[in-house]
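Visitor: Build out the structure end to end from the sequences listed, making use of the hints.
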Amino acid sequence: MSWMSCKSANRLQKFHYNLLIALTTVIALGGPAEAATQGTAGATSTGSISITASVPNRTQITGLSDISFANADPTTVATSTQNDCVWSNTATKGYSIKATGSGAAGAFTLANGGLTVPYSVQWSQSSGQSSGTNLTAGTALSGQVSTATTPTCSSGPSTTSSLIVSIASSDLQNMVAATSYTGSLTLLVTPQ
Amino acid sequence: MGLLACGSAAAQAQQVQISNLSDVGFGAISNLQADISQSQTVCAFSNILSARYSITATGSGTGGAFTLTNGAANLAYDVQWNALANQTSGTALSPGTALTGQVSGAVTFGCTLGLTSSGSLTIILRAATLSSAAAGNFSGTLSLMIAPN
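Quick note, the sequences are listed as chains A and B, same order. Sequential numbering of the first sequence, starting at 1, is according to this note's numbering. Sequential numbering of the second sequence, starting at 1, is according to this note's numbering.
Since the hints were made in silico from the structure, they are not lab data. Yeah, the Cβ is synthetic: ideal placement off N, Cα and C, and Gly gets one too. Hints may contain errors.
As the list claims (entries may be wrong) - Going by beta-carbon spacing under 8 Å, a handful of chain A positions derived as facing chain B:
#1 35
#2 38
#3 43
#4 47
#5 48
#6 53
#7 55
#8 56
#9 90
#10 91
Guide: Dropping the structure here:
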């Protein structure tokens, strides 16, 4: 009697199992098609999925330092150079750079009240340079290529580019002595 | 006698099944400064008495690495597994290395009939990776194998 009970139970279990398999099949056939692969029952079972992600173009400029032309000698051009880090994640690591001053309409000028003095801005896509391509206020210089491997040059090359800011001797001579002229320069890099 | 008869039923072949897997699409990631993850509840079924199983994940990167590719650059991701359903974190998996000692709460193959699902899979793209990632459309596959354990 006990044996018969277990046999019956086994048959019932098998019936339920077959029913589940059938229902699973129906559900699977009726469900939406997916690229994901479902595992089948077995000694081992393997399924797979696809994973996708899209990373947008990004760029970053860091390593910028303030510039001070203190007690500049008006008989010679005053120049400040600094090495910066520009990172671009595009396939070519390309970028453009646009500089905007704090003068009228973005002009490259320093000011003290109504007094102003112009300065020039040069950019080189290589670090350690004392000259580069002249930038025009508000106009992008394209076709630059970065060598940075990380956004802030924390590894790989520590700097990638050079910023050169100058005040011409003739402009220095027009400045009022012992007077501080100030301004700001904004650099915008865009991935290309 | 009854125990012997029922014992023969317990000698069924050990079988497991992983199913209810879905593709993962992160879409266009706008914030590259934060971790981004997606979790899904799947069905991991094991018919052995303890319902124990192991799970092994293998990516499509070199040597089974968990990496996506855009053809020129790779993008690494993390994989976590949790034996419970509806979880958003779990134990980190290493490519090709089985995570043992998992116990399924599923009671049917395929977790059919609305019965208990078992297992949560979480895919994570880390900010540390994203912040310096190359631009492009990345893709890859992840295979998950479960075995009685």
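Visitor: Now tell me, hint by hint, if it's right for this structure.
Guide: Structure-based check of each hint:
1. 35: holds, 5 Å
2. 38: holds, 4 Å
3. 43: The hint holds - residue 43 of chain A has a Cβ within 8 Å of chain B, the shortest such distance being about 7 Å.
4. 47: holds, 5 Å
5. 48: holds, 4 Å
6. 53: holds, 4 Å
7. 55: Where the cut-off is 8 Å and the nearest Cβ of chain B is about 5 Å from residue 55 of chain A, the hint holds.
8. 56: holds, 6 Å
9. 90: holds, 5 Å
10. 91: At about 6 Å, which falls below the 8 Å cut-off, the nearest Cβ of chain B leaves the hint on residue 91 of chain A intact, so it holds.
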